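Novice: Which chain is which? The protein sequence lines are Z and W, in order. Start counting the first sequence at 1; every next residue gets the next number (the numbering used here). Start counting the second sequence at 1; every next residue gets the next number (the numbering used here).
Hints in this document: simulated from the structure, not taken from any laboratory. Incorrect hints may have been included.
Note that identical chains are pooled: a pair holds if it fits in a single copy or bridges any two copies.
[Stated by the list, open to error] In the DSBU-like style, the derived pairs of lysine-lysine whose C-alpha atoms are separated by at most 35 angstroms in a straight line are:
1. 398 with 166
2. 190 with 439
3. 166 with 190
4. 404 with 166
5. 397 with 439
6. 439 with 404
7. 490 with 412
8. 166 with 451
9. 397 with 166
10. 501 with 426
11. 166 with 471
12. 501 with 166
13. 415 with 501
14. 404 with 415
15. 497 with 426
16. 412 with 497
Predicted model only: the values in this text are computed from it and were never measured.
There are 2 protein chains.
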Amino acid sequence: MTDQIDQSVGLTLSLSSTVPLYRQLFDAVVDRIRSGTFPPGFRLPPSRDLASALGAHRNTVVRAYEELVSAGFLSSVVGRGTFVNVLDSKLESARPVASAAELSDGQRMPWASLLSRGASAEPLGRSDRLSTTTPPRGAINLSGMRPDPDLLPHELLRRCFDHVVKNESGPALSYAPREGLLRLRELVAKDLGQHGVPARPEDIVITTGSQQALDLIARTLVNPGDPFLIEATTYPGAMNLLSAAGARLVPIPSDGEGPTLEALDRARNIGAKGLYLMPTCHNPTGRVISAARRAAIVEWSRAAAVPIIEDDYACDLELDGIAPPPAMRALDGDVIHVGTFSKRLIPALRIGYVVCPEALRDLLIPLRHAMDLGTSLLLQHTLAEFLDRGYLRAHLKKTLPLYKERRDALAKALKTHLPASVRFQKPVRGFTIWLELPKELDVEAVYLEAKRRGVIVSPSLLHDTQAQPQKGMRLTFCSEASPRLIEGAKRLGEAFKAVMKTSKAPREEARTIDAV
Amino acid sequence: MTDQIDQSVGLTLSLSSTVPLYRQLFDAVVDRIRSGTFPPGFRLPPSRDLASALGAHRNTVVRAYEELVSAGFLSSVVGRGTFVNVLDSKLESARPVASAAELSDGQRMPWASLLSRGASAEPLGRSDRLSTTTPPRGAINLSGMRPDPDLLPHELLRRCFDHVVKNESGPALSYAPREGLLRLRELVAKDLGQHGVPARPEDIVITTGSQQALDLIARTLVNPGDPFLIEATTYPGAMNLLSAAGARLVPIPSDGEGPTLEALDRARNIGAKGLYLMPTCHNPTGRVISAARRAAIVEWSRAAAVPIIEDDYACDLELDGIAPPPAMRALDGDVIHVGTFSKRLIPALRIGYVVCPEALRDLLIPLRHAMDLGTSLLLQHTLAEFLDRGYLRAHLKKTLPLYKERRDALAKALKTHLPASVRFQKPVRGFTIWLELPKELDVEAVYLEAKRRGVIVSPSLLHDTQAQPQKGMRLTFCSEASPRLIEGAKRLGEAFKAVMKTSKAPREEARTIDAV
Numbered sequence: 001m002t003d004q005i006d007q008s009v010g011l012t013l014s015l016s017s018t019v020p021l022y023r024q025l026f027d028a029v030v031d032r033i034r035s036g037t038f039p040p041g042f043r044l045p046p047s048r049d050l051a052s053a054l055g056a057h058r059n060t061v062v063r064a065y066e067e068l069v070s071a072g073f074l075s076s077v078v079g080r081g082t083f084v085n086v087l088d089s090k091l092e093s094a095r096p097v098a099s100a101a102e103l104s105d106g107q108r109m110p111w112a113s114l115l116s117r118g119a120s121a122e123p124l125g126r127s128d129r130l131s132t133t134t135p136p137r138g139a140i141n142l143s144g145m146r147p148d149p150d151l152l153p154h155e156l157l158r159r160c161f162d163h164v165v166k167n168e169s170g171p172a173l174s175y176a177p178r179e180g181l182l183r184l185r186e187l188v189a190k191d192l193g194q195h196g197v198p199a200r201p202e203d204i205v206i207t208t209g210s211q212q213a214l215d216l217i218a219r220t221l222v223n224p225g226d227p228f229l230i231e232a233t234t235y236p237g238a239m240n241l242l243s244a245a246g247a248r249l250v251p252i253p254s255d256g257e258g259p260t261l262e263a264l265d266r267a268r269n270i271g272a273k274g275l276y277l278m279p280t281c282h283n284p285t286g287r288v289i290s291a292a293r294r295a296a297i298v299e300w301s302r303a304a305a306v307p308i309i310e311d312d313y314a315c316d317l318e319l320d321g322i323a324p325p326p327a328m329r330a331l332d333g334d335v336i337h338v339g340t341f342s343k344r345l346i347p348a349l350r351i352g353y354v355v356c357p358e359a360l361r362d363l364l365i366p367l368r369h370a371m372d373l374g375t376s377l378l379l380q381h382t383l384a385e386f387l388d389r390g391y392l393r394a395h396l397k398k399t400l401p402l403y404k405e406r407r408d409a410l411a412k413a414l415k416t417h418l419p420a421s422v423r424f425q426k427p428v429r430g431f432t433i434w435l436e437l438p439k440e441l442d443v444e445a446v447y448l449e450a451k452r453r454g455v456i457v458s459p460s461l462l463h464d465t466q467a468q469p470q471k472g473m474r475l476t477f478c479s480e481a482s483p484r485l486i487e488g489a490k491r492l493g494e495a496f497k498a499v500m501k502t503s504k505a506p507r508e509e510a511r512t513i514d515a516v
Numbered sequence: 001m002t003d004q005i006d007q008s009v010g011l012t013l014s015l016s017s018t019v020p021l022y023r024q025l026f027d028a029v030v031d032r033i034r035s036g037t038f039p040p041g042f043r044l045p046p047s048r049d050l051a052s053a054l055g056a057h058r059n060t061v062v063r064a065y066e067e068l069v070s071a072g073f074l075s076s077v078v079g080r081g082t083f084v085n086v087l088d089s090k091l092e093s094a095r096p097v098a099s100a101a102e103l104s105d106g107q108r109m110p111w112a113s114l115l116s117r118g119a120s121a122e123p124l125g126r127s128d129r130l131s132t133t134t135p136p137r138g139a140i141n142l143s144g145m146r147p148d149p150d151l152l153p154h155e156l157l158r159r160c161f162d163h164v165v166k167n168e169s170g171p172a173l174s175y176a177p178r179e180g181l182l183r184l185r186e187l188v189a190k191d192l193g194q195h196g197v198p199a200r201p202e203d204i205v206i207t208t209g210s211q212q213a214l215d216l217i218a219r220t221l222v223n224p225g226d227p228f229l230i231e232a233t234t235y236p237g238a239m240n241l242l243s244a245a246g247a248r249l250v251p252i253p254s255d256g257e258g259p260t261l262e263a264l265d266r267a268r269n270i271g272a273k274g275l276y277l278m279p280t281c282h283n284p285t286g287r288v289i290s291a292a293r294r295a296a297i298v299e300w301s302r303a304a305a306v307p308i309i310e311d312d313y314a315c316d317l318e319l320d321g322i323a324p325p326p327a328m329r330a331l332d333g334d335v336i337h338v339g340t341f342s343k344r345l346i347p348a349l350r351i352g353y354v355v356c357p358e359a360l361r362d363l364l365i366p367l368r369h370a371m372d373l374g375t376s377l378l379l380q381h382t383l384a385e386f387l388d389r390g391y392l393r394a395h396l397k398k399t400l401p402l403y404k405e406r407r408d409a410l411a412k413a414l415k416t417h418l419p420a421s422v423r424f425q426k427p428v429r430g431f432t433i434w435l436e437l438p439k440e441l442d443v444e445a446v447y448l449e450a451k452r453r454g455v456i457v458s459p460s461l462l463h464d465t466q467a468q469p470q471k472g473m474r475l476t477f478c479s480e481a482s483p484r485l486i487e488g489a490k491r492l493g494e495a496f497k498a499v500m501k502t503s504k505a506p507r508e509e510a511r512t513i514d515a516v
């Protein structure tokens with residue numbers, strides 16, 4: 001018996017745990033190797049002895065040892081036993097290592113003179129300055145533009161991942177085909193077809209999120225100095241990439257139906273390389289381009305030889321079941337259509353796509369491949385499995401009503417708490433409500449005052465092009481549950497009133513003049 | 001009893017399966033919903049009845065129903081029952097959808113005139129033309145530069161992924177912090193320290209593979225037309241990105257110790273924005289820059305104000321346990337150091353990193369974020385867990401001896417089968433053997449002849465800068481097991497002989513002249 005106790009080498013197993021016994025043993029041995037309790041060269045007890053000491057079946061110990069050998073933690077030597085490997089192998093010659101800080105004390109690299117214009121582009125700095133990716137702890141987040149982490153289908157994803165690793169094993173862990181996994185492109189093409197966007201698998205290039213798709217398009221089209229048409233208020237992520245590519249951004253103002261044809265016609269002959277649009281759920285305003293305006297813009301694009309980039313990031317986020325007008329890609333095969341699974345599904349998949357005109361395909365693929373050698377094949381397989389099982393439709397069926405409820409809660413609270421001069425429309429899709437602000441109001445002051453009161457919003461400043469931008473504020477209702485959305489609206493109302501009060505006299509004057 | 005049989009609605013469970021019963025039921029119901037056997041609105045049997053019909057415990061059915069409701073496939077209405085959801089909701093207005101091909105028949109977009117110079121850069125086209133990502137079926141792959149899929153630790157990865165999803169759940173599925181997950185940066189810093197590269201977590205920026213790190217650096221430093229120094233024979237992926245950024249590539253020839261100081265001195269005052277090096281395991285030649293040359297190049301870099309980009313893609317691939325000379329980053333904190341987990345671990349993680357000089361950090365992060373909104377947070381968490389458990393060291397302990405065995409097998413077979421005029425050295429690290437070829441040999445002819453014989457190799461053409469390149473051929477021993485490596489060497493030898501034979505007379509002449 002004493003012998004048997006020794007042979008357990010301090011290891012124990014829990015019969016009540018849901019973790020299989022061999023896995024418990026695997027984990028326990030790894031822990032002891034990491035802590036140094038089982039040093040390199042340590043000999044483990046024979047499986048029969050350890051099994052007996054632990055009161056376990058010998059097969060349990062054999063399986064754990066086999067897996068530990070296979071993972072590289074142990075080596076088995078016939079006739080001698082099972083030993084802990086030397087893991088941090090001391091290499092043959094010791095290396096003199098000086099601290100980099102010490103060594104850099106002399107002459108420093110003149111970095112400022114070495115930077116590209118693209119990296120120092122203004123919008124990049126602006127996004128960074130007003131970045132809200134990490135709001136203060138406890139603050140109410142009316143700014144985050146991503147699905148609520150608590151509503152993400154982590155368990156379904158885990159099942160698909162498990163399935164892929166078990167069925168595809170190693171090959172799914174290697175590099176991806178340049179244009180993306182065929183099975184995924186087939187499923188994306190099918191999904192696009194159901195949304196009225198004609199696409200064959202060979203028209204689709206998988207990208208690392210739709211953000212990379214925009215980068216790819218910008219770099220494919222833009223030489224430094226080239227004009228590029230955008231809306232006067234638009235998505236900062238697109239401005240960042242176009243600016244980094246060296247584009248000169250030319251803002252096009254909008255009326256209620258979308259960018260105006262008058263403004264487009266004025267820009268017809270400036271040599272613009274493209275027109276970037278979010279036709280169905282504009283970020284930040286939520287505006288939809290009407291069917292008639294879409295047709296007119298497509299016609300303009302063909303006549304002016306300026307390609308349209310259609311960013312459909314909010315695909316599937318239909319809160320009221322109202323179909324949007326036809327996609328611009330459905331009107332013209334030369335429209336470059338961009339989509340993503342980050343908003344309707346899971347941001348950490350980092351999977352988006354370009355539906356590209358045939359003539360561009362052979363140019364986009366090598367550059368896309370050069371940029372990061374492809375989107376994780378493992379995640380491409382996992383998403384394909386997720387889509388093929390019908391999990392996406394089921395997930396939307398469950399979550400869209402919850403987002404709809406949140407939208408309604410926020411809209412109602414805003415109506416109660418905001419000053420009458422702040423106007424907004426309840427959106428039928430997407431995650432955002434756009435507040436139109438009185439022209440004379442200092443948007444950044446409201447942003448800062450709201451932040452002091454523990455509410456984070458996105459001021460229009462982030463979305464501006466400096467030319468006739470729409471003054472406003474983007475609120476999102478995806479990141480918080482209804483009670484906090486309501487509390488956020490209340491505090492935001494207080495912030496508005498505080499800012500308006502401190503600047504009342506001059507503001508009232510301005511307002512009167514405006515009204516004339 | 002008839003009632004009970006009806007109540008099973010055709011579902012069955014397998015008691016002998018390792019899949020839990022509630023999961024079997026979940027999957028079976030999803031299958032029937034997808035196939036339309038259970039149409040929208042279909043009412044499922046009460047859990048008690050179904051359990052009884054299946055001979056299962058009622059809790060099994062209750063759990064399956066709960067998960068199906070939670071995933072969005074079913075809805076439960078109190079007092080009425082459990083129903084299949086309408087998943088492909090018909091939206092309110094039907095959409096007229098025309099075929100894009102039809103609509104594009106008229107005037108086409110003049111794409112050729114719309115392209116950027118970057119997207120049409122020569123090296124991009126070259127890589128694409130000679131691309132070997134999908135070698136012919138059955139061909140022996142002596143070209144693929146990735147770990148053997150059969151040796152990838154898919155089961156250990158799955159465990160870490162499971163752990164992350166179970167413990168972090170939704171938040172791990174959202175967007176990543178701009179600079180990368182702190183826990184991962186801490187573990188990478190620790191790993192770098194063990195390799196003699198001084199790095200704090202705040203010096204590290206996580207990228208989507210080291211390829212994106214190179215893209216980030218190129219875009220941060222290069223304005224179109226700027227000179228950039230590279231080796232005369234170098235990694236095509238770096239040439240692609242530098243060219244796409246508009247750099248004018250300036251090749252620096254090497255001697256046995258690395259790039260020569262004479263050539264560097266000639267390039268001292270041309271305004272080069274950087275010097276790209278793979279000091280420890282040059283791709284394609286496998287050459288190592290000597291310790292003395294490293295120190296001299298670092299000194300030159302500081303004097304010339306040309307920053308060094310040190311690409312250490314082959315970190316940890318030490319086949320003979322011989323320590324490389326100190327990292328250049330250990331000699332100077334202004335060296336930009338780049339690394340990856342694609343070669344030593346799993347390509348599909350798509351995780352690399354930049355160790356950046358302090359002065360660059362605040363510029364790199366916004367651009368890196370703009371490029372793809374961050375590397376998958378889920379994969380960052382999973383890799384952190386993998387590293388923290390010590391799985392990487394164990395994995396290398398297991399796989400490096402296997403690669404070493406393959407290297408020895410290939411080297412031995414090459415010695416037997418290649419003509420004497422083809423020379424090579426057995427490398428002490430990495431995945432490649434570099435063949436030096438006689439100057440007069442037509443490398444592309446050998447590449448094509450080998451391909452005809454079912455062997456894929458990488459001709460130096462892919463790695464050339466057109467200025468004093470080293471004529472050769474890169475073979476890898478990571479993609480195939482030893483018997484196929486040996487067979488590949490045999491066929492390659494035959495290909496060499498066939499090409500040399502057809503061009504014997506003029507070649508011999510050329511050789512004589514060369515020897516004078």
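Novice: Within, between, both or neither: how does the pair residue 404, residue 415 come out at a Cα-Cα threshold of 35 angstroms?
Specialist: Cα proximity of residue 404 and residue 415: one copy only (17 angstroms, versus 70 angstroms across).
Novice: How would you classify residue 166 and residue 451 at a CA-CA limit of 35 angstroms: within, between, both, or neither?
Specialist: Answer is between; shortest inter-copy Cα gap is 33 angstroms, intra-copy 47 angstroms.
Novice: State whether the alpha carbon distance between residue 166 and residue 471 is at most 35 angstroms within one copy, between copies, both, or neither.
Specialist: Answer is neither; intra-copy 53 angstroms and inter-copy 43 angstroms both fail.
Novice: Can you tell me if residue 501 and residue 426 fall within 35 angstroms by alpha carbon in one copy, between copies, both or neither?
Specialist: within (27 angstroms within a copy, 78 angstroms between copies)
Novice: Tell me, please, which holds for residue 415 and residue 501 at an alpha-carbon limit of 35 angstroms: within, between, both or neither?
Specialist: within (19 angstroms within a copy, 87 angstroms between copies)
Novice: If the cut is 35 angstroms between Cα atoms, do residue 166 and residue 190 qualify within a copy, between copies, both or neither?
Specialist: both (26 angstroms within a copy, 31 angstroms between copies)
Novice: For residue 439 and residue 404, with the copy left unspecified, which applies at a CA distance of at most 35 angstroms: within, between, both, or neither?
Specialist: within (30 angstroms within a copy, 71 angstroms between copies)
Novice: Which holds for residue 190 with residue 439 at a C-alpha limit of 35 angstroms: within a copy, between copies, both or neither?
Specialist: Classified as neither: same-chain Cα gap 45 angstroms, cross-chain 53 angstroms, threshold 35 angstroms.
Novice: When no copy is named, should residue 501 and residue 166 be tagged within, between, both, or neither for a Cα gap of at most 35 angstroms?
Specialist: neither (63 angstroms within a copy, 49 angstroms between copies)
Novice: For residue 490 vs residue 412, is the C-alpha pair at or below 35 angstroms within one copy, between two copies, both, or neither?
Specialist: This pair counts as within: shortest intra-copy Cα distance 11 angstroms, inter-copy 77 angstroms.
Novice: Since the copies are identical, ignore which copy is meant and state whether residue 412 and residue 497 lie within 35 angstroms (CA to CA) inside a copy, between copies, both or neither.
Specialist: within (18 angstroms within a copy, 82 angstroms between copies)
Novice: Using 35 angstroms as the alpha carbon limit, work out where residue 497 and residue 426 are close: within a copy, between copies, both or neither.
Specialist: Result: close within a single copy only, 22 angstroms intra versus 76 angstroms inter.
Violated hints, in rising order: 2, 5, 11 and 12; the structure is consistent with all others.
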